[in-house]
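Line by line, the protein sequences are chains X and E.
When we follow my numbering, the leftmost residue of the first sequence carries the number 1, and every step to the right adds one.
When we follow my numbering, the leftmost residue of the second sequence carries the number 168, and every step to the right adds one.
A hint or two may mislead.
With a Cα cut of at most 30 Å, we get these calculated BS3-like pairs of lysine-lysine [claimed, not checked]:
{"no.": "1", "chain 1": "X", "residue 1": "Lys165", "chain 2": "E", "residue 2": "Lys202"}
{"no.": "2", "chain 1": "E", "residue 1": "Lys202", "chain 2": "E", "residue 2": "Lys334"}
{"no.": "3", "chain 1": "X", "residue 1": "Lys165", "chain 2": "E", "residue 2": "Lys334"}
Because the hints were derived from the structure by calculation, they are not lab data.
Treat the numbers as computed from the prediction; the structure is a model and nothing was measured.
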Amino acid sequence: MPATYEPIATTTLGSAASSISFSSISSAYTDLRVVLVCQTASNANIAFRLNSDTGTNYSYTLLYGTGTSAASFRDTSITRGYIIAADNAATSPNWNLCTMDIFSYAGSTNKTILTNGSNDKNGSGTVEAAVNLWRNASAINSVTLLAWNGVNFNTDTTATLYGIKAA
Amino acid sequence: MANTYTLIASNTLSSSATSVTFSAIPNTYTDLVLKVSARTANTVPSRTTRLRLNGLSTTIYSYTIIDGDGSTATSTRASSTTESPVVVNGNSSTSSTFSNTEIYIPNYAGTTQKPISTAYAAENNATAAALGAVASLVNLTSAVISLEISNSSNFLTGSSFFLYGIKNS
């Protein structure tokens, strides 16, 4: 059977950092998947940028549950995509599990990205799912994960980029 | 480059069973994925299907759910409980209709607590359908060596369970 789900790169932080980047992504796959297991030094939204684009070309629609209520939220024409709201690891020292699925990343249409965040803290936390749109028709050649608002990812945060082939 | 999404074991039920267990899971992967296509003897989709790690039924599990049933979205939570929940189609659902569930466990062989992401879809062209996601946390700091998925009623014949290992290098 051909290899259709391949690790492209993985990063485990040896020291705190505000971002993790995967660059020079080949166009040899059909879809991309990012798996991020992270902690942050303060409460922070985990965001992403594609091809280092800082323009207002991102939007998302979010569905989330807090354990007591379910809600949906939208943001348009912003400067980054959305993955999850992470808690301060000093007070909630558990790991956030986040996934990003980027479809037809090498195609010539705008890019749709599904993100999922699991952030249960045994009595608090959230579960989130979002659909993001990056209004850019270029092939994606880099993905940057960001701990927003100047917050750092903690040491041992791990991110892996996989490539998925349709055939 | 090596294929890193590898089938570890599978079980497609030829008769009803209350549980399916994958044991002796090797520690040679980075993450685990369990894919479930199932139908139970319950009357409706319900959270009576549960996941347990390493055979542990102590209060090491917690979870936060968001769930939509076609008319209402809700979120609920349990802390210090004995299982992680999964929603599966019941036997009153449209015939030959099985629900789909994917359970993702990163760093399962590590020494930190285990976050788990679960997504489920139990559509049946009727009411009592369910679409949702579960964020679970298991206060288990040893490697995951077995997974048990069980139901208070039976999983019905044809239900299938596929356990994959994923390597990040």
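Going through the hints against the structure:
no., hint, in the structure
1, Lys165(X) to Lys202(E), "19 Å, holds"
2, Lys202(E) to Lys334(E), "17 Å, holds"
3, Lys165(X) to Lys334(E), "16 Å, holds"
Violated hints: none; the structure is consistent with every hint.
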